[in-house]
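Using the sequences provided together with the hints, build the complete structure.
2 protein chains.
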Amino acid sequence: MYERKIIPNLNCGLDLIGEVLYGKWKIRLLWFINEGYKRPSELQRKIPDASRRVLNIQLKELEEHELVTRKIYPVVPPKVEYSLTEFGKTLIPVIAALGQWSDEHETRLRNVILKQIVGSDLDVPLIN
Amino acid sequence: MYERKIIPNLNCGLDLIGEVLYGKWKIRLLWFINEGYKRPSELQRKIPDASRRVLNIQLKELEEHELVTRKIYPVVPPKVEYSLTEFGKTLIPVIAALGQWSDEHETRLRNVILKQIVGSDLDVPLIN
DNA sequence: TCATATAGGGATAAGTTTTTCCCCTATTGC
DNA sequence: GCAATAGGGGAAAAACTTATCCCTATATGA
Numbered sequence: 001m002y003e004r005k006i007i008p009n010l011n012c013g014l015d016l017i018g019e020v021l022y023g024k025w026k027i028r029l030l031w032f033i034n035e036g037y038k039r040p041s042e043l044q045r046k047i048p049d050a051s052r053r054v055l056n057i058q059l060k061e062l063e064e065h066e067l068v069t070r071k072i073y074p075v076v077p078p079k080v081e082y083s084l085t086e087f088g089k090t091l092i093p094v095i096a097a098l099g100q101w102s103d104e105h106e107t108r109l110r111n112v113i114l115k116q117i118v119g120s121d122l123d124v125p126l127i128n
Numbered sequence: 001m002y003e004r005k006i007i008p009n010l011n012c013g014l015d016l017i018g019e020v021l022y023g024k025w026k027i028r029l030l031w032f033i034n035e036g037y038k039r040p041s042e043l044q045r046k047i048p049d050a051s052r053r054v055l056n057i058q059l060k061e062l063e064e065h066e067l068v069t070r071k072i073y074p075v076v077p078p079k080v081e082y083s084l085t086e087f088g089k090t091l092i093p094v095i096a097a098l099g100q101w102s103d104e105h106e107t108r109l110r111n112v113i114l115k116q117i118v119g120s121d122l123d124v125p126l127i128n
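For the record, the sequence lines run as chains P and Y.
Counting from 1, one number per residue, gives the positions in the first sequence under UniProt numbering.
Counting from 1, one number per residue, gives the positions in the second sequence under UniProt numbering.
Keep in mind the hints are simulated off the structure, nothing from the lab.
Treat the hints with care, since some could be wrong.
Because identical chains share one entry, a pair is satisfied inside a single copy or across any pair of copies.
What the hints assert, rightly or not - With a straight-line Cα cutoff of 35 Å, these simulated DSBU-like cross-link-like pairs (lysine-lysine) come out:
no.	residue 1	residue 2
1	K71	K115
2	K71	K60
3	K38	K24
4	K79	K89
Here it is in C-alpha cells:
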C-alpha cells in the first residue's frame, strides 16, 4: 500500500472535506450507495470507467473515514454490502448541491471543458 | 505543458463539476477571489502551502473554464487582478455548502483523518 | 550596487493516483 | 477437471499533479 511522504495540511474546513472527498470516484460511490446500489459488483457496473481495484481502494478509504460501513455476509460466493453511515448521510445534500449546479450549467460546462481539451491537441471523438 | 493521454468522461453532472473543480487549490482560489483577494501575490500569501507555479497553472485553468477573468494593467512592475465571472459567482453557494459541512463536522473530520494517517506510519507532529 | 517586489514560464524532479495484470478463496454447474 | 461467480489484494507501470529551481523584465528603496 502506498505511504504518503507529505503531511497534508488540515488548516481550514476546505482542507478537511478535500481529504475525504478527493479521489476520482468517491463522490459517485457515495451517491450510488445512497441510491441503493450496495454491492461492489453493482457499483462497478454503475461506474464502468473505474477499475475494479480503485473502487475497492476508495471504498476502503470511505470506510476508514466513517462515511460508509461494510457488511460481510459469510456465504459463498461472498456477499458484501455497503451502506452510508449517519455521518455519510449528512454529505448527501452537499453532493446534491454539486450535482444540481452541474445540471443547471451542463451545456456551458461541456463547452468550456471541450474547448480546453480540443484546443490542447488530444483527439476527442466528437459525439453528436 | 502537460498533455492528457486519457480522455475524461463527461457522462454525468458530477463528471463535469469534477473537471472544473479538481485541482488541489482551485476551490480555495475561487473562495479567496470572491472575498476580494484579487492579485496573484495576495492569493499566494493567503495560500502559502501552494507553490507559486501551481497557483498560476490553476488560475489559468479557472480562466479557461470561464470561472474567473484576468485583467492586466500595463504598468511596471506588472499588476494583474482576477475576478469571478457571473458564471463563477454561481459556484460560490456550492462552495459555501462544502465549507459549512466541514465546519459543522470539523472535530470528527480531524479525528478520522488523523486516525487514518497515524495508523499508516507517517510521522505526524501532534499539535495541541 | 544590490536586494525586493511584481508577474510569469520552461525544465525537471518528486509525489501521488489510477490502471493493468495476475493471483487467491470457495462453491455451483457442466 | 474447468469455467463462472463473488470479493479481494500485491506488484509494477502508466498517468497525472505538484514542487523545485532557474530564468525573464523593470522600478523602487537601502
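Check: Of the hints given before, which are not true for this structure?
Finding: none
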